[in-house]
Structures are given as C-alpha cells and as structure tokens.
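J.: Sequence:
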Amino acid sequence: MPKSEVSNIFKKVRSQKRNALTAVESAHVLAAYGIPDATSQLITKKEELAKIKFPVALKVISPDLVHKTESATVAVGIKTLDEANLAYDTLISNAKKAKRNVKIDGILVQEMLSGTELIVGSSRDAQFGQTIMFGIGGIFVEVMKDVTFRVNPISKTDAAEMLDEVKAKKVLEGVRGKAPVNKNAVLNILLKTSQLLQDCPQIKELDINPLFAGDKDARAADARIILE
Numbered sequence: 001m002p003k004s005e006v007s008n009i010f011k012k013v014r015s016q017k018r019n020a021l022t023a024v025e026s027a028h029v030l031a032a033y034g035i036p037d038a039t040s041q042l043i044t045k046k047e048e049l050a051k052i053k054f055p056v057a058l059k060v061i062s063p064d065l066v067h068k069t070e071s072a073t074v075a076v077g078i079k080t081l082d083e084a085n086l087a088y089d090t091l092i093s094n095a096k097k098a099k100r101n102v103k104i105d106g107i108l109v110q111e112m113l114s115g116t117e118l119i120v121g122s123s124r125d126a127q128f129g130q131t132i133m134f135g136i137g138g139i140f141v142e143v144m145k146d147v148t149f150r151v152n153p154i155s156k157t158d159a160a161e162m163l164d165e166v167k168a169k170k171v172l173e174g175v176r177g178k179a180p181v182n183k184n185a186v187l188n189i190l191l192k193t194s195q196l197l198q199d200c201p202q203i204k205e206l207d208i209n210p211l212f213a214g215d216k217d218a219r220a221a222d223a224r225i226i227l228e
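Just so we're aligned: 169 in the working numbering is position 169 of the sequence shown, and the numbers increase by one with no gaps anywhere.
Note that these hints are calculated values from the structure, not bench results. Predicted model only: the values in this text are computed from it and were never measured. Using N, Cα and C, we set each Cβ at its ideal position, and we do this for glycine too. Among these hints, one or two may not hold up.
As the list claims (entries may be wrong) - 20 Å max Cα-Cα, derived DMTMM-like pairs, lysine to aspartate or glutamate:
(1) Lys3 <-> Glu228
(2) Lys183 <-> Asp199
(3) Lys145 <-> Glu117
What the hints assert, rightly or not - Here are the computed distance ranges between Cβ atoms for each label pair:
(4) Thr157 <-> Thr80: 43 to 53 Å
(5) Ala179 <-> Arg100: 41 to 51 Å
(6) Lys96 <-> Lys156: 43 to 53 Å
(7) Gly129 <-> Ser7: 15 to 25 Å
(8) Leu81 <-> Thr157: 45 to 55 Å
(9) Glu161 <-> Lys53: 33 to 43 Å
(10) Leu227 <-> Glu142: 15 to 25 Å
(11) Leu42 <-> Lys96: 14 to 24 Å
Generate the whole structure from the sequences, applying the supplied hints.
T.: Right, dumping it as structure tokens:
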C-alpha cells in the first residue's frame with residue numbers, strides 16, 4: 001500500500017525535525033505511486049565512481065540542502081571517469097561552502113535523461129487549497145511561467161485539458177526534429193501525482209522538475225517535496 005510506505009518516509013523526516021525531503025526520499029515517494037524516475041544509485045565513496053556507466057548526473061544528497069542548483073551541488077553531462085572524479089570533489093566542496101557542518105548522505109549518480117523538459121507541481125492556495133500545476137519545465141520555469149493550474153483532485157479530462165493549455169503546447173507535438181511527447185505517459189503522471197496529493201494532505205509543496213518526456217515514456221529527473 002503506497003500510503004503506508006510514504007507515511008513511514010514522512011515519519012522519518014519529521015523525527016529528524018525536517019520538513020524538506022531529500023531527492024532520494026522524494027524519489028521513493030514518487031515510486032510508491034508508480035511515477036517513474038531516472039535510474040540512480042547513491043554512493044558514499046569516490047572510488048565507487050569507477051563502476052558506473054556514463055553519461056551521468058551527480059547530485060549531493062543532504063537533508064540540509066533543498067535547492068541543489070542554487071548551492072551548486074549538481075553536475076550534469078558527466079561523460080568520463082576523470083570528469084566524474086573532479087565533479088565529485090567540487091560538489092562536496094560546494095556543499096560544505098553552502099552550509100556550515102552540512103550533513104552529506106552521499107552523492108546520487110543518475111542516468112542522463114533526454115526529451116522535452118516539463119514540470120508537474122503542487123502548492124497550497126489560501127482560497128482553493130491544494131492545487132496541481134503542469135507546464136514547460138527546466139531551469140527557466142520561473143522565467144517562462146508557461147504553466148497551468150487546477151484545484152486537486154483532477155480527472156482524466158482535467159489532465160488532458162492541462163496539456164492543451166500551455167502556450168508552448170506545440171513543443172509537446174514535436175518541433176525541430178524532436179519526437180512528439182507521449183501525452184498518455186504525462187497524463188498518467190499527472191493523475192498519479194493528483195492521487196498522491198489527495199492521500200497526503202500534509203504535502204505543502206511538490207515539484208517534479210524536470211520531468212523528461214519523450215515519445216515512449218516520461219520520467220522524473222528530480223523531485224522536491226516540502227511538508228507542512
């Protein structure tokens with residue numbers, strides 16, 4: 001039962017007097033609801049990099065660091081072992097600079113995904129309560145603001161309408177040689193996210209960004225969950 005598995009994760013976070021889940025904890029929550037993500041493994045020793053297949057992304061996993069991009073604790077497009085070794089040292093150094101006495105659980109080694117970058121998210125509105133968001137994702141989401149909202153929970157019809165409401169919807173249909181996005185895969189993720197939010201009203205904020213969508217599937221590259 002996904003609800004009990006997720007509840008255990010939330011209890012652990014609360015017991016450590018935190019309200020922000022780590023990327024690994026967030027990925028486990030998504031997995032409990034059948035939301036696919038990138039293949040990854042957590043390493044705690046630099047020597048373990050010798051066993052991985054490239055290209056990869058590397059991310060510091062720490063309960064003390066919520067925004068990995070702002071703290072410069074993520075590196076993408078790592079193609080060789082030399083690059084990985086350098087990135088490992090740099091990321092650890094950046095994490096220590098970002099917060100004094102930072103607790104580091106390890107480095108997440110994640111496969112590089114490709115496709116159209118989307119975002120699925122949620123926040124609480126003072127008037128309407130829990131809302132769900134969909135739009136064009138990536139690092140420029142706050143600049144582009146090409147997103148649409150619904151009050152949660154949503155239906156399959158709601159989800160389909162959301163896909164059609166973004167200004168850049170032609171991107172979903174395939175432009176400049178890119179394959180069209182598998183809309184059913186994205187729609188299913190919206191519905192599963194809606195169910196997760198419905199089951200877990202203690203979620204204050206949720207961001208799946210970026211969600212990489214291609215012609216075959218859609219998978220989360222990163223997720224952030226904040227509890228009330």
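J.: Is the straight-line distance between the alpha-carbon of Lys3 and that of Glu228 20 Å or less?
T.: Given that 20 Å is the threshold and the Cα spacing comes to 17 Å, the pair holds.
J.: Measuring from beta carbon to beta carbon, are Leu42 and Lys96 in 14 to 24 Å?
T.: 19 Å, holds
J.: Under the criterion that the straight-line Cα-Cα distance not exceed 20 Å, is the pair Lys145, Glu117 satisfied?
T.: 14 Å, holds
J.: Has the hinted range 15 to 25 Å been met by the Cβ atoms of Leu227 and Glu142?
T.: For Glu142 against Leu227, whose Cβ atoms are near 22 Å apart, the range 15 to 25 Å holds.
J.: Do the Cβ positions of Leu81 and Thr157 conform to the proposed distance bound of 45 to 55 Å?
T.: Holds - the Cβ-Cβ distance for Leu81 and Thr157, about 49 Å, lies within 45 to 55 Å.
J.: Does the beta carbon distance between Lys96 and Lys156 stay inside 43 to 53 Å, or does it fall outside?
T.: 47 Å, holds
J.: If I claimed the Cβ atoms of Gly129 and Ser7 lie 15 to 25 Å apart, would that claim hold in this structure?
T.: Roughly 21 Å apart at Cβ, these two residues keep to the hinted range, so it holds.
J.: Given a hinted range of 43 to 53 Å, is it respected by the beta-carbon distance of Thr157 and Thr80?
T.: The hinted range 43 to 53 Å holds for Thr157 and Thr80, with Cβ atoms some 48 Å apart.
J.: Does the hinted range 33 to 43 Å hold for Glu161 and Lys53 at CB?
T.: For Glu161 and Lys53 the Cβ distance comes to about 40 Å; the hint holds.
J.: Given the hint of 41 to 51 Å, check if Ala179 and Arg100 actually sit that far apart at their C-beta atoms.
T.: Given about 46 Å between the Cβ atoms, the range holds.
J.: Quick one, are Lys183 and Asp199 close enough, alpha carbons at most 20 Å?
T.: Violated - the C-alpha atoms of Asp199 and Lys183 are around 24 Å apart, more than 20 Å.
Hint 2 alone, counting from the list given before, is not met by this structure.
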